[in-house]
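Colleague: These protein sequence lines map, in sequence, to chains A and B. To convert, note that position 183 of the first sequence is 183 in the numbering used here; the numbers rise steadily by one, no gaps. To convert, note that position 271 of the second sequence is 271 in the numbering used here; the numbers rise steadily by one, no gaps.
These are calculated hints, taken from the structure and not from any lab test. There may be inaccurate statements among the hints.
Unchecked claim - Stretch by stretch, here's where chain B covers chain A in the computed footprint (C-beta under 8 Å, at least three residues): (1) 214-222; (2) 393-399; (3) 424-438.
Please read these numbers as outputs of a predicted model, since none were measured by experiment. Where a beta carbon is used, it is the ideal one built from N, C-alpha and C, also for glycine.
Spelled out, the chains give:
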Amino acid sequence: MKAHLLHADQDFDFAADLPPSSADLIADLELDTVLTTMAAGDKFLYQTCAKVLLASVTDPAAIRYRQSVLADCIAVPDVVRLMYDIAVAALTEKRRIWGLLSSQYPASILSSAINQLEVLIVRLRDLRRLADDHVAKFRSEGLVTLLHTLQRDLDDDYFEVLSDHLRQLRFADGELISAQLDRDNSGINFVLRAGGPRRGWKERVRIEPRSVYSFAISPRDEASGQALQDLANRGLNLVANAAAQAADHVSSFFTMLQAELAFYVGCLNLHDQLTARGQPLTFPDPLSWTSPQFTCEDLRDTSLSLRTGQVVGNDVTADGKALVIITGANSGGKSTFLRSVGLAQLMMQCGMFVTAGALRASVCQQLFTHFIREEDAEMVSGRLDEELSRMSRIADQIGPHCLILFNESFAATNEREGSEIGRQVVRALLEADIRVFFVSHQFDFADGFRREIADLTLFLRAPREPDGTRTFKLVAAQPLPTSYGQDIYHRIGGWPGDQLAAS
Amino acid sequence: MTGPARSVSLLGEEPAEPGNGDALDDEVLADLNLDQVIDSVAGDRDERELIRQLLRHPARDLATVSFRHEVFRDLEEPALLEAVRQFTEQLRQVQAHLSQLAKMHSVHQREGWFLDAAISYCDAVRKLADVLAERPVAARGLVALRDYLFDYAGSPGFARLAAEAADRRSELAGITYLIRIKGLRVEVSRYNGEPDYSAEIEKTFERFQQGAVKNYLVRYRTWPGMNHVSAQIAELLARLFADEFAALAGFCRRHQQFMDPVVSQAHREMQFYLAYLDYIRPLRSAGLTFCYPELTTGPKEIFARETFDLALAARLTARGQPVVTNEFQLTGPERVIVVSGPNQGGKTTFARTFGQLHHLARTGCPVPGQAARLHVHDQIFTHFERQEDIADLAGKLEQDLLRIQKALQAATPDSIVIMNEIFTSTTVSDAYFLGQRVLARVIGLDLLCVYVTFIDELAALGPSVVSMASTIVPGNAAERTYKVVRKPADGLAYALAIARKHGVTYDQLKGRLAP
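So here's chain A without its partners, still in its complex pose (with noise of 0.2 Å):
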């Protein structure tokens, strides 16, 4: 039985590694603030949905499969979430049965295995009863498929037949043991004995002084029968073995359930998240990798617009355009709009919807982030260094087909020098079939591809008002060789007894 709701035709492979762009990707586009209300406190949800949205799928009609499963999940959520829950529940009752009962006794081993395999037989019943109640409800391939497959693999005589098995193999037996005082007058070193004490009759009568003492602990103290199993019993360890193996191979399959809804989930708690700030949601329209494509409407920051209520969507159409610069003024939205594309593009790849009015944009082979960095805590390498190590390390892992975002990238040197490596850099990667996003103040830089390669690059800038505000929206506009440092030392009157700026 598969679940088959990520791939048609294949598990998703949780233990892949993530791609080595991942850690770039979290935390240059801010992936913590999609994956937490993804998780909203789940932290299974958070690690399932950021692998899953980090492992990007490359293949449009993959993405679109995904799609229309979520689009099922979006349309009848409850049922969705109620077979997550059923998921949840059989796995957090297992684990909870082990949880009570430490590993470290082989007989609780063995009666957890059995209560084990009860709760995930109740939980199984629960999954059949939900596909007969709302299979009628699904369009996908992929849900369709997996509740069609509930109905008709479920067989109560496999369950049946193994707990006739396990409860054999419950048992009990007294046993005699010595023992001396530890420090804390605990018991240490025990020893199984032979024989056993036996009050005379002297003793009975009350001749002599008493010699052994009892009691007896209750059945409902589970801690005390634990510690007891664990002192009489250390001869169940094969057969304890195998029942918790039995118990595994059915929870299995709840496991990989549950890892492939998770995803679902996630999406289903960001969609109600950015449904109720009035985003705008789309599902993307996913082009494969021919020329460059990459046409948006209203295309917002989905971190951003989870933050804050006033977000700024940006129309673009980069169509045909390897490279886009964009450029202008501080604080002018410049870095929120490249976090927004490649929100929107691993989005797309892992079947998502896109916080957009539209966007139709072609698939990449894998997406990489260069941003300007905190000085590494390893405090060996100067800042431009650091960011040249990591430029290295992308060229070791990028390839045709790829996309890349630079975030004021190279400018931890003066312009001239920052302007140049930023150049080669970028020339080197259009001439290998990769795209660029390219952040930059730096005049130099961007004027270089303007004189160059015009025709390929796209040049938007933010834009300052007249009157020195600022709107975060993008305009398709070459780049100005100013920036406003000086505007802003004057605007906040400067440091105190400078002449210079109270003009």
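Fit chain B to the given chain A structure using the hints.
Modeller: Same frame as chain A, but now just chain B:
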């Protein structure tokens, strides 16, 4: 049972605790990487909060700095240091035992554990008293402790505690008993020589073994070893062995508060010294030196020789890598060190070192360097570039400027300002304009400043400005010495050389990205 009523502190003449100065600001700590130093020094020691406080606060006055220097100097003697270390380790265990008592539900367990704590305590006190009596100590703090312990360890109360504890322990260790488990019933009795049955059981089940399997052999733990079952067993043992357990209960009653407050305070305060010495030991082994700096409130003629960034040195040393040391010296009107030169040349590290030295000197700890004279500052202001935060919509540059404005408003002539490569997210002309404005203010205040920049022109702003630069290996622009030396800014930049080193020039990338 407390000792003679005296106050003994290892941290200063006045009854101890951190100084009255303001703790170093969190952001400044982070900029200087002193947060890493403090985290590593404090580690997970029981007194980590005290240690953190002491390392974050300047000592109340210069007399307190000398007082701590004396203690550090005495502890440089290895045998004494080792004795103090053993003492604190034992006391730590005693306190751990005592703090666990409240969690113990069985009175017999509590009593056994309490007895164990008392035995360790007596042993620790005696050993430390002996060592302090044998070894020469000069520090005022340690002399006072020595005299106190001499009286205390010789007192009749202490002798009684130690003797009784030893008797109780040997009686309890002689007991062997039997438990029988039958279903949910447990019988407890005296042991009468019944033979070992485990061997027989193992032999009986040996035939089922299937080769390598997961090992389910139970590992018995002594802590937390008391569950409901063993507690009830202990209850019955107390009846079977009534004399031994009654004697134990009596001991616990009589010696409820055996820990002397002066001893426990000394234990707390010693951890500060031990923690710092432990932290710098591997650095000294690697050939680095530490010194007791001279602190001056007079002319700002400061210097340090063979000094280094403590956080970086700890990291490098741990990896077996060499540490480059640096010097600085300011004389006459010199106040501002402008550091320029190739990137990745140790500029940032130099700036941090300057700040670290000044702060550490005030805590009474030995500081990195062969010798140093440092100015007694009132505040340290730092500005290091931080990661862009999208929650901050006002823009990075504006944030930078606002923070600098705030610092320059609060700075006084006794302050220290350390700035590192600000304004890099704007144009060269902006960076020059803004850097110039900062230095004009700094020079106006006559304060001590280190300013790291790639704008060479800032190194030539007058007699109070000293130019220092990171250096390269002659003939190899991509290789750094990490030495920052006094020399004019020479206008050299090395960005493309570094790009080549990383293989990301156009030609190199073309080759690397070729199919």
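Colleague: Just to make sure I understand the rule, a stretch counts as covered if three or more of its residues have a C-beta closer than 8 Å to a C-beta of the chain. Does the segment 424-438 of chain A meet that for chain B?
Modeller: Since 8 is at least three, the answer is holds.
Colleague: Do three or more residues from the segment 214-222 of chain A put their C-beta atoms closer than 8 Å to C-beta atoms of chain B?
Modeller: Our answer is that it holds, as 7 residues pass the Cβ test (under 8 Å) against chain B, meeting three.
Colleague: Holds or violated: the segment 393-399 of chain A covered by chain B, criterion of 3 or more residues with Cβ-Cβ distance under 8 Å?
Modeller: holds (count 4)
When each numbered hint is compared with the structure, no violation occurs for any of them.
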